[in-house]
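Asks: Spelled out, the chains give:
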Amino acid sequence: MAQALAGLVAGGAYALIAVCLVLMYQMLGVLNFAQSALGGLAACTSLFALNKLHWGPWPATMLAVVCGALLSGLVGLVMARFFLETSVVTRSTVTIAFLVGVTAIGNHVLNGATYTFPNALSGSSVSLFGTGVPIGSLVEAGGAIVLAVLVTLLLKRTHLGAQLRAMSERPTTAQLLGIRVRRLTVLVWAFAGAVSTVAVMFVLPTSTTSFPPLAYLTMFALGAALLGLLQNMIVAAVGGIAIGMLESIILPSALGRYDQAVPFVIIIVVMIWWRRRDAWSEAR
Amino acid sequence: MFTLNRRNFQRRPWQLTVAGLSVLCLGLAACASSGGSGGSGGSGGSGGSGTIKVGQITTISGGYPFGDTVKGTQSYFNMINKHGGVNGHKISLVYGDDKGTPSQAATLARQFVLQDHVVAMVGNTSLIDCITNKGFYQAEHIAVIGGGTQPLCFNQPNWDPVNAGPYVGHEVMWDYTFNQLHPKSVCEIEQNDPSSIAPYNAERAWWEKNHPGVKSLFTEITYTNDATVNPTPAVAAAKSKGCDTIELSTVAPNLVAFVKAAKSVGWDGTFTCLGSCYDASVPATLGALAEPGGLGPKDKGIFVGAELAAITSPNPNVKQMVSQFKIDGTPANFWSEIGWVSAMVFVKGLEQDKHANLSTAQGVLSALKAMKPINTGFAATPLTFGPGSAHSPNRGSQELLIQHGQWVIAPHQNAGTFMKEPPLPPLPG
Amino acid sequence: MPGLRRVSTPSLLALLAVVVVGGLVGMSLSQYWMYVAAVGAAQAVFGLSIGLVYGQARMLSLCQVSLGAVGAWTVADLSQAGGSLPLPWSLFVGAALTVPLGLICALPALRLRNINLAIVTLGIVVAVYTVAQAGQVPGSNPTVFVAPPSNRVLFLMCWLSFAVLGALTIVLRRTKWGLSWLAIARSERAAASAGVSVTLAKVTAFAVAAALAGWAGGLLVATFGSADPANFDPVQVLTLFALAVMMGAGYWEGALALGIFNAFSAALLSQFGLSPDIGTMVFAVGAIGVLGAESGGFSGDVRRLLRRLQRRLGRGPRPLPEPVLRAAPASATDRAARAAANGAPVALQVTGLTVRYGAVVALADVSLQVHKGEVLGLVGPNGAGKSTLIDAATGFLASYEGSVAVDGRPVDGLPAHRRARMVRRTFQTERTIGELTPREYVRLAAARGASAQEIDEILDFVGCPPTAQTLNRIDVRVRRLIMIAACLAGRPSAVLIDEPAAGLTTEESEDLAARIADIPARFGSGVLLIEHDMELVRQACSSVVVLDFGRVIAHGPTAQVLANPVVQAAYLGDELLAAHAESASEQALIASEEREAAAAALTTKAVSDGR
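Residue numbers (my numbering), protein chains in the order written: chain A, 8 to 291; chain B, 583 to 1011; chain C, 8 to 618.
For reference, chain A alone in the conformation it holds in the complex (with noise of 0.2 Å):
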C-alpha cells in the first residue's frame, strides 16, 4: 500500500493531463500530443520568476499557470486559424510537430543546470497506512477526479457546454449559428493549457531538470485517456492514478526495469479490442 501511495505523485499529473487529452479530443477533434510539453515550457516561467526575480512559491506558480493559458491558446490560435476543417489525423499531426518544437525549446532552456523549481505546498507530509505521503500528491489526484466531474457536468448541464458539444460535431454549423466557434477553441486550449502546467508544477519539485521526461507524461497520460476511451473524464482521471500507482508497485519487482511499458500494454489492448470490428478505413 505504501508503495502504490508512492505512485500518486506521477499517477495524478497522468490522471490531470488525461482530463486534458480527454477534453481537447471530445471538443476540438484533435489528440494533443504536446500536452505536457506546452505546460512543461510554461513551468520554465516560474524558474525565471523564482531565480531572478525572487518572488515566493505562490505568486512564481501563478505566474507558470498563467504562462501555460497563453502559450497554449496561442497555439489554439494558430489550430482555429489554419486547421478548422481538416480532419483529426492532420489535426494531431500538427501537435506532434508542436511537441518536437516546443521540446526543442525546452532542451534550450533548460540547459543542464540545477535549478529550483517552487513548490507550492513545501514538501509537507500526511501519515497515510503508515508511510508519509505529500500533500501535493493528495491534492493532485483527488484535483483531477473534481476536476474531471466539473467539466463533465458543465459540458451537460451549462449553456457553455452545450455551445463547445455543437461546436465539436459541426464547426461550420456551429460557426452558422452564431456560436463563436474560434474564441471557443482557443478557450479550451487555454484551460487545458494551464490545467497541465498545473500537473507539472506538481512533479516538478521532487524531479530532475530536463526537459524531454515532461514532454514524455503525455504519452504515459494517453494510455489513461484510451481507458476511458477518449470519451469519459472521469475514468480517465481514475485510471491516471492507477496508472501510477501500478507502475510504482513494479519498481521495486524483478520487472522493474520495464515499469515504463505498463501504459503501454494498456494502450495496445485497449485499442486493439475496442476497433476490433472496424472491417473498413471509411463508411460507406
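Honestly, I wouldn't trust all of these hints.
[What the hints assert, rightly or not] If the Cβ cut is set under 10 Å, some of the chain B residues that face chain A in the computed set are:
id	residue
1	T814
2	K821
3	H986
[To be verified] Here chain C is said to cover these stretches of chain B; the calculated rule only asks that three of the stretch's residues, wherever they fall, bring their Cβ under 8 Å from a Cβ of chain C:
id	region
4	681-693
5	712-720
Hint data in this document are derived by calculation from the structure and do not stem from the laboratory.
C-beta: ideal position from N, C-alpha, C; glycine also.
Using the hints provided, position chains B and C relative to the given structure of chain A.
Replies: Same frame as chain A, now just chains B and C:
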C-alpha cells in the same frame, strides 16, 4: 474566410523550401572551402602562428550539469596564456555540447579533429564520448584528458581521466561506509544504465568476496531513467525494504530530488553518493534537510566521495585555481575542477619536453605518453597520461559531509589528505 | 510488366543523375563533410521507410525509425570486434531480421487506422526505447562497439545504399504491390473492389518498410559505432517523422531532402556555434506549414515546379481532346429477346437476400437474376436499398441472410477482394487514385495476364482517349468511365454499376447508355445498373427490377415496368395517387350530378309540358 487563409498558407511551404535550399547552398559553399574556418562553439585566445588548438566535447544539456567543465578548462588556459602559453605557444579552446546523443558526439569529434585540426581533447566530460568516439580517437591519434563518467573511460589507450571514477570511488566509499558508518542495510538505487550496471556488479562482487559478511547488507533497486521524473517510488521501495542507508551514483540534481522524496515519504536514513554528487547546489537547495539528522534520528548525513580536492583545501594549487576562478567568474565546483585539472595535466605534461612537436596530434600524444607523473595537489595520487592501454591515475577520494550548509571533510579522515584505494587485488579483466 | 519501364524511367534517370553528381561531389568533400553526407544518406534511407508507410500507403505509423533498432542491434552484435559477420554483410542480416517486427506492427494496422494507429505505434516507440535502455538484447548495450570504416568507405556505403534502395522504391511504386499501397491510401473499399487484398497490401508495405528501416539502423551503427538507445529516443523518432511530413518523403527526392537537410543543418549550426535545436524548430514549423497547406511537402513542390516547366516548354501531357459522344443506342428489347432466346446463363443470382441494421430492415427477401448478355436496371427511390444490395453482393457487408451466387457458384463466404475476381462494382462517390494515369489505374484492377493491348482496347471502348494525363487532371465524367473500364479489365462475369450518370448532360447520358448497352455483347458479362435517370434506364436496360423499402415491387421489361402505376406511386408517393383517385372520383361525381340535374331538368320540363 477559411479558403483565403488556406491560399495564403499555400505560399508558405514554398518559402520554406527556398529557405531549405539556401541553407543547403550555404552548406555546399562551406564544404567547398574544405578545412574551412572553425570558430565553432566559441573559442578562447586569438589565432596566430604557433597557437595550439584543443577541443572539448561535454554533455552540457540533456539533464546532466557538466557545463562548468568548459569554464574550468578555459580558466586554466587563460592563466597559462597570460604567461606565454605552453613551450611558447598559446592555447585556444573550441568546445561543443553533445547533448548526450551519440550522433552529436560523433559529429563534434569529427568536426574538431578533421575540420578544426585540434591536436588533443582537454576536459571532455561526456556521457557517451568514451563509448562513441573510442575508435575514432585511436585512429586519429588524439589524446583525451578529461572527466570519466563511464567505466569504459578508464579502459582505453587514448583516454586519461583525472577523476577517480566509479571503481575507485565505490571502493573508497564502501571502505568508509562499512568501517565508519556501520549501516544495518544498504539499498543501492541504480539508474537503468546497462553500460555501468555490469561493471558495478563486478566491483561489488569483488568487494563482497573480500569482505565476508557484507554481502547480506546490500539490496538493489533499479529504476528506469529519463522517461519518468519521479524518485518517490524508488525511495518508498527502499523504505519498505528497511534500508537505513541509500547509495546513489548519480548527479547532484538527482540527489536533491531523492532527498526531497525521502522527506516526503518519511524515510529516515543516510545518503551516500559518488563524486558526481559533489556540488554547492546540494546544501544550498536542501537547507536543513542536508544536515545530519535532517531526515530523522537515523540520518547520519549526506556523504559524497569527492575525487578531487575540496575547494576549501589549503593546498596552494587549489588556492591558485580558486583565485583564477574569481577573476574569470567561473563557478567553483567538481566540474570546473575537472576542467582545470585536465588542463593542468595537459600543460604540465607538455612542458616536460621542451622540444615536443605540438603542431600535430601525433606529436602531442607522444609527448603525453612519455610524461612523468606530477603531484597536482588535487588528487590522492600523482596524475599523468603515460604509456599503456588503459589510464586511471587517480586512485583515491575524500569523503565529504554537509555540515552547517557547507561541504566539510567527513570525520575519521586525515584533513587535507585522501583516502587511497584500499589494498585489494585488482579487479580481474 | 508492360508499361512499367516506360513509366519508371524518368524517375530512375533523375535518381541516377542525382546519385552520380552527388557521389562525385561527396567524394571531393573534406573528410568531415564527407562524414556528414554519409550520416545524411543513412537518414535518407529512414526517410524512404517512413515515406513508404506514411507517404504512399497513408498509414500513420510513427514507429518506423524505432524498427531500425533491430537492424542496429543485429549489426552491432555481428560486426563488433570478434563478431561473426563484418560490415556490410551484416546489413543484410539486420534488414532481414527487422521484417518480423515490421509484420508484428502490421497486425494492429489491419484494424486500426489514423489516430488510433498513431497511438499504438507511439506506444511501440516507447516500448522499443525502454527495451533499448534495458540493454538486455544482444547488441543493444552501448558498450558493444563496431569500428567505423574510413570516411570514404562509409560515404560510399551509405550513398550507394540510398541509391539502390531509392531505385527500389521507384520500381516498386509501379508494381502491383506499389499500386495497391497507393490504392489503400485513397480508399480501402475501392481497392478491394478492384481485386486488391487490403490485408496483403498493408502487410507488404510494413514488411518492405521494415527492411528499409533495418538497413538504415545498421548504417547508423556503422556511422556512430554503437547502437546507443539515445538514437531511438521518442523525440528523435518524432522529429524525423515531422521532417518526413515536411519533405514529402513518399517520393525519393523527399527522403533524400530529409537526410541531407537533417544532417547538414545540424552540422552547419554547430559550425556557427548555434544549437541544433534551432534546426529542429524549423522542421516543426515546416511540418505545420505543409500540413496546413496540404501541399505534399518539398517533393510536392518540386514535382509541381517540374510540371509547370514541362508545360512551358510544351512537353507536358497534352490535354484531352474534345469528346466524341455516341448517339442513343438502338432499342433494348431486341437484345433482351436475343439473350433470353439463347438461354444465356445466369451471371449473378441473388436469392432471398435480407439485410438488417439493428431494427431497420434494409432489404427484405430480395431475389433477382442477371443473365450474361443483358443489362438489368435496378431502380427505386432513395433509401430503397439499392446500394445495400450491391454491397451485399460484392462482399462489403459483414453479414446478410440469403445467398449470392456468381456463375452458379455461391460466393457468400468470400471476402470482397476475392469476389472481385468474378463480380465487379463501381461506387457512387468517385474513388480513383489521382496520381496514376488511366492506363496504370486500369492495370491495377486488371485480371492476371491482361496485356497492354487489352487495356488500351477497354479504355477505347469506354471512350477514354489515349492520354498520359494523371487522373486528378481528368474531368469527373471521364473518370467514371475509367472506373467502369477498371471493372471490365477484371474480366468479371457480372458488372454492377452504381449511379454513373449523376450530373451528366443529356448528350453525355446518351453516350453512356450506348456504351453500357454494348458491354454484354462485347465482353459477355451481365450488367446490373442502378440509376435514377429514367431516360438512361430506358435506353440501356432491357429489363428492370424496382425496389421500394427493401422489397421488390415490380420486375419485367423496361417500358412495362416504368408505366406501372404501383412503380409510379413508389416514386411519386401515395398521396398523389390518392389525389389522382380523388380527382377521378370527383369527376365521376360531377358527371353523375350533371346527369341527375339534366334528368331533373327533363322531368321538370316534362311535368310542366304535361300540364
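Asks: Taking the hints in turn, state whether each one holds.
Replies: To see whether the hints hold, each was checked on the structure:
Hint status for T814 (chain B) relative to chain A: holds, with the closest Cβ pair at about 5 Å, below 10 Å. Against a cut-off of 10 Å between C-beta atoms, the interface hint on K821 (chain B) holds, since the closest Cβ of chain A lies about 7 Å away. Hint on H986 (chain B) is violated. Least Cβ distance to chain A is approximately 20 Å, over the 10 Å limit. Residues of the region 681-693 of chain B lying with their CB closer than 8 Å to a CB of chain C number 11, which satisfies the three-residue condition for coverage.
With 6 residues having a beta carbon nearer than 8 Å to a beta carbon of chain C, the region 712-720 of chain B meets the requirement of three or more and the stated coverage holds.
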